[in-house]
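Read top to bottom, the protein sequences are chains A and B. Here the first sequence is numbered in our numbering, starting from 1 and rising by one per residue. Here the second sequence is numbered in our numbering, starting from 1 and rising by one per residue.
For the record, the hints were derived by calculation from the structure and aren't laboratory data. Predicted, not measured: the structure shown is a model, and the values here were computed from it. From the three backbone atoms N, C-alpha and C, an ideal C-beta is built for every residue, glycine too. Any given hint could be a false lead.
Stated by the list, open to error - A few chain A residues facing chain B, derived, Cβ under 7 Å:
#, residue
1, 22
2, 23
3, 66
4, 115
5, 120
6, 175
7, 179
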Amino acid sequence: MTHRHILWRVVLGLVVFVVLLSFQRMPIGQYITLALSPLISTLHAPSRWWHDSELWLQERDELQKKLIATQNLLEQQTALIQQGKSLAEENTQLRKLLKITNIHGYTWRAAQVLGRSPDKKSQRLILQIQSNPDDVVVSSSGLVGLVDKSHAESAVVRTILDASLAVPVTIPGSPLAALIRGQGDHLLVDFIPLDQAPAIGSILQTSGAGGVFPPGISVARITHIEALKGRIFARIEAKPIAHWQRDNWLAIASRTHASSP
Amino acid sequence: MSMPLLLLLCLIGIIFNLGFSGVTLQPDWSLALLLAALLAHRGNWLYVALATGVHDLILHWSLFISLPWILITPVIIAWSDAQIGASLLQRVFAMLAVISSLFFAGWSLASCLLTLLLCLVFWHFIARLYVQPA
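Next up, chain A with everything else stripped away, as it sits in the complex (with noise of 0.2 Å):
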């Protein structure tokens, strides 16, 4: 009966041990971070309300006064805008004439950050934004991650720190290509030989290989190179360009299907 006993405890310990690893493998973290942001968005409402009531309390003439600045950097923008157009044709064409392709099929949008994870790097993030899995998340100075799922007006995101992240990268202007992979709190480069090695402080950027990251983004600054003994590959550890921790907004790129080449 004891021995039946014990029988029963280890098969039960062993399908909890099953059950446990392929809750591992499935995103289910994923999925109940999404469906706790509407919750973490209401914890946010009393500081949205106390900056609507702010707004509204302001007095009238410096209301005014902002309208009037405002308006006038409006026309400043659009001013800007134009000559941006007209310079934007004009690389279009420059760019024909020298054979480059250019970045077509994304469009750009701005996404809020509505929650992190609370470990030091914020691995994660939730944002509150319509998007697609895959979609591109670049901070104002670099590469910050891709979407990994989405529903409804929130997405998680999984940055470039995370393990699970390769991102294929180059050094403009030179034949290097390599793999960035996350490492939690610092970058990994892969498969660069240690007599290309690029100097320590280098900017690595996008290469666009595999058609998930867009061309020329930042990713990581290199800040260590190692030689490994017997290996022909160098270890070298980088940083992220981008600062994501603290931003309150990120922009999303979306692959658009009727991209041009």
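Given the coordinates of chain A, work out where chain B should sit on it, guided by the hints.
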């Protein structure tokens, strides 16, 4: 302490962690509460383990952050109570071990210390609920 109330408070703690971790330094509210419930009465291990699993899944997308330590803790406490007698010493070591798992998961040292202090406070209050009148 009633289980639904504890689980509700944990969920609120997790939402606080997700919502404000970029704004201010904060402890792991839910782990502090769950660990305190476990230290106050090791018979709570089952729902504390389940809630810790959910906590790990939401905050770390992995089950192997605090859950293994939470599962080992009641076994170690029961074994050490039988060996050296019931005392605070083994419970304090268990608390330090569980909270150190946060540090290895990338939480800042200050957040871990805040969690430790919060856990002590929760432990004190939850333990009072289990005190039997003489």
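| query | Where does the structure disagree with the numbered hints, that is, which hint numbers, in rising order? | reply | Going through the list in order, the structure violates hints 1, 3, 6 and 7 and respects the others.
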